[in-house]
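Listed here are the chains, written in short residue letters.
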Amino acid sequence: MNGKGDGASTESSRKRAAAEGRAEGLNIGWTVFSYLLSGMAAYGAIGWLVGRAVHVSLLFPLGMLVGLGISIGFIIYRYGMHGVESRAPRKEMTGDR
Amino acid sequence: MTGDVGVLASGGCHIFSGCGFPAPGLQDFNWKPFFTVGTFGFAKPMLLAIIAALVVIVFFWLAFRSPKLVPRGMQNIGEVAILGVRDQILRPSLGKKGDSYLPFLVSLFFFIYIMNVMELIPIFQFPVTSRIGFVWPLVFIVYFLYLYLGFKNQGAWGYLRNMIPPGVPAPIYIILVPVELLRFFVFQPFTLGVRLFGNMFAGHLLLTIFTIATWYLLTFSVGLIYSVGSFALAIFVFVLETLVTLLQAFIFTTLTATYIASSLEAAH
Chain D
1 MNGKGDGAST ESSRKRAAAE GRAEGLNIGW TVFSYLLSGM AAYGAIGWLV GRAVHVSLLF
61 PLGMLVGLGI SIGFIIYRYG MHGVESRAPR KEMTGDR
Chain F
1001 MTGDVGVLAS GGCHIFSGCG FPAPGLQDFN WKPFFTVGTF GFAKPMLLAI IAALVVIVFF
1061 WLAFRSPKLV PRGMQNIGEV AILGVRDQIL RPSLGKKGDS YLPFLVSLFF FIYIMNVMEL
1121 IPIFQFPVTS RIGFVWPLVF IVYFLYLYLG FKNQGAWGYL RNMIPPGVPA PIYIILVPVE
1181 LLRFFVFQPF TLGVRLFGNM FAGHLLLTIF TIATWYLLTF SVGLIYSVGS FALAIFVFVL
1241 ETLVTLLQAF IFTTLTATYI ASSLEAAH
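As they're listed, the protein sequences go chains D and F.
Here the numbering used here is used: the first residue of the first sequence is 1, the next is one more, and so on.
Here the numbering used here is used: the first residue of the second sequence is 1001, the next is one more, and so on.
Because the hints were derived from the structure by calculation, they are not lab data.
Don't be surprised by glycine CBs; every beta carbon is placed ideally from N, CA and C.
Please note that a few of the clues may not be correct.
[Said to hold, decoys possible] Residues of chain F placed beyond 10 Å of chain D at every Cβ, according to the derived structure:
id : residue
1  : Ile1050
2  : Val1080
3  : Arg1091
4  : Pro1092
5  : Ser1093
6  : Ile1132
7  : Asn1162
8  : Pro1178
9  : Val1186
10 : Phe1187
11 : Gln1188
12 : Ala1257
[What the hints assert, rightly or not] Simulated restraints on C-beta separations:
id : chain 1 : residue 1 : chain 2 : residue 2 : range
13 : D       : Ala17     : F       : Leu1243   : 54 to 60 Å
14 : F       : Pro1071   : D       : Ala45     : 54 to 60 Å
15 : F       : Gly1018   : D       : Leu62     : 51 to 57 Å
16 : F       : Phe1034   : D       : Val54     : 29 to 35 Å
17 : D       : Val54     : F       : Val1239   : 25 to 31 Å
18 : F       : Phe1034   : D       : Ser13     : 49 to 55 Å
19 : D       : Gly69     : F       : Lys1152   : 46 to 52 Å
20 : D       : Ser13     : F       : Lys1068   : 46 to 52 Å
21 : D       : Leu62     : F       : Ile1174   : 17 to 23 Å
22 : D       : Ser13     : F       : Thr1219   : 58 to 64 Å
23 : F       : Gly1084   : D       : Gly80     : 30 to 36 Å
24 : F       : Phe1151   : D       : Leu65     : 33 to 39 Å
25 : F       : Trp1157   : D       : Ile76     : 47 to 53 Å
26 : D       : Ala45     : F       : Ala1156   : 22 to 28 Å
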């Protein structure tokens, strides 16, 4: 058994895991950000349209808050408990700039 | 260039000389065209984008025009560049099966990087990507590829269905559809483009502010202390921007690779 070779292999797999974690962290970070924006925009727009029809301007900010809530709920569902169960564990998960 | 740098370059605009601080702004991103053809004006950012493309093409052509088994000279640098993109960007997202996308990702990474780094090179001194018009075409190319590969590999219905993870109750689907559609078709490409543009725009603005302030405050008065401080900050931002230019190209290309990966197979 070559100890030096094993060490190099471990180092290589550690670097690979770090790079995979970085890519996944980037993807998840920006997807989550997009979810937050799109939830607010989608339900804000629906609230604005309904509010315009029924002459209740409060429905616009209310729609945005509801959309934000839906987004946060879905993010927790997808990347929280459910996501942790469905994804293989990573050795390193980094954040994003 | 219009505006503040021009005012300063003309000479004596200093504090206590009755000249107000020529604060940088949007006017510093608008360039007078070199020439116009009808309504089309050919300005400095366009020239820099062409130079950036030529740099990438010529560099890789020179590096690999007659490749040797034992690399020498420019082939060494070219191989390091390609392996860097492959091991740090492509393989972590796509694995070995994604190697056919290496030429695209290498070109994309270096084209964006060269356009970014022009901010720090004397004479050029302007990041092309701080003009959002140069970023959107890149986003459209990436998104077109993303959609094309997704529809081709998963089918239109399968691709759209895979946006929402399995196991979600049917009523929740209806609630999530507007959010998912807007995220996928609007905000995901929007954030991809605006992040690159925003970082380069802000970086260039900061560099301009501190550089102008250094000159503006440079007098034999108390202003000298602030001038030195401003110069130190300009150096700091310059060093920071050397990292940001690379990082932004890296993030854009990494996200492109993850998008391609999610198009090739269902994400969950």
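Okay, the hints, checked on the actual structure:
no.	hint	verdict
1	Ile1050	29 Å, holds
2	Val1080	16 Å, holds
3	Arg1091	7 Å, violated
4	Pro1092	4 Å, violated
5	Ser1093	5 Å, violated
6	Ile1132	17 Å, holds
7	Asn1162	13 Å, holds
8	Pro1178	4 Å, violated
9	Val1186	7 Å, violated
10	Phe1187	4 Å, violated
11	Gln1188	5 Å, violated
12	Ala1257	7 Å, violated
13	D:Ala17 with F:Leu1243: 54 to 60 Å	24 Å, violated
14	F:Pro1071 with D:Ala45: 54 to 60 Å	55 Å, holds
15	F:Gly1018 with D:Leu62: 51 to 57 Å	53 Å, holds
16	F:Phe1034 with D:Val54: 29 to 35 Å	56 Å, violated
17	D:Val54 with F:Val1239: 25 to 31 Å	56 Å, violated
18	F:Phe1034 with D:Ser13: 49 to 55 Å	53 Å, holds
19	D:Gly69 with F:Lys1152: 46 to 52 Å	36 Å, violated
20	D:Ser13 with F:Lys1068: 46 to 52 Å	31 Å, violated
21	D:Leu62 with F:Ile1174: 17 to 23 Å	19 Å, holds
22	D:Ser13 with F:Thr1219: 58 to 64 Å	59 Å, holds
23	F:Gly1084 with D:Gly80: 30 to 36 Å	34 Å, holds
24	F:Phe1151 with D:Leu65: 33 to 39 Å	35 Å, holds
25	F:Trp1157 with D:Ile76: 47 to 53 Å	28 Å, violated
26	D:Ala45 with F:Ala1156: 22 to 28 Å	25 Å, holds
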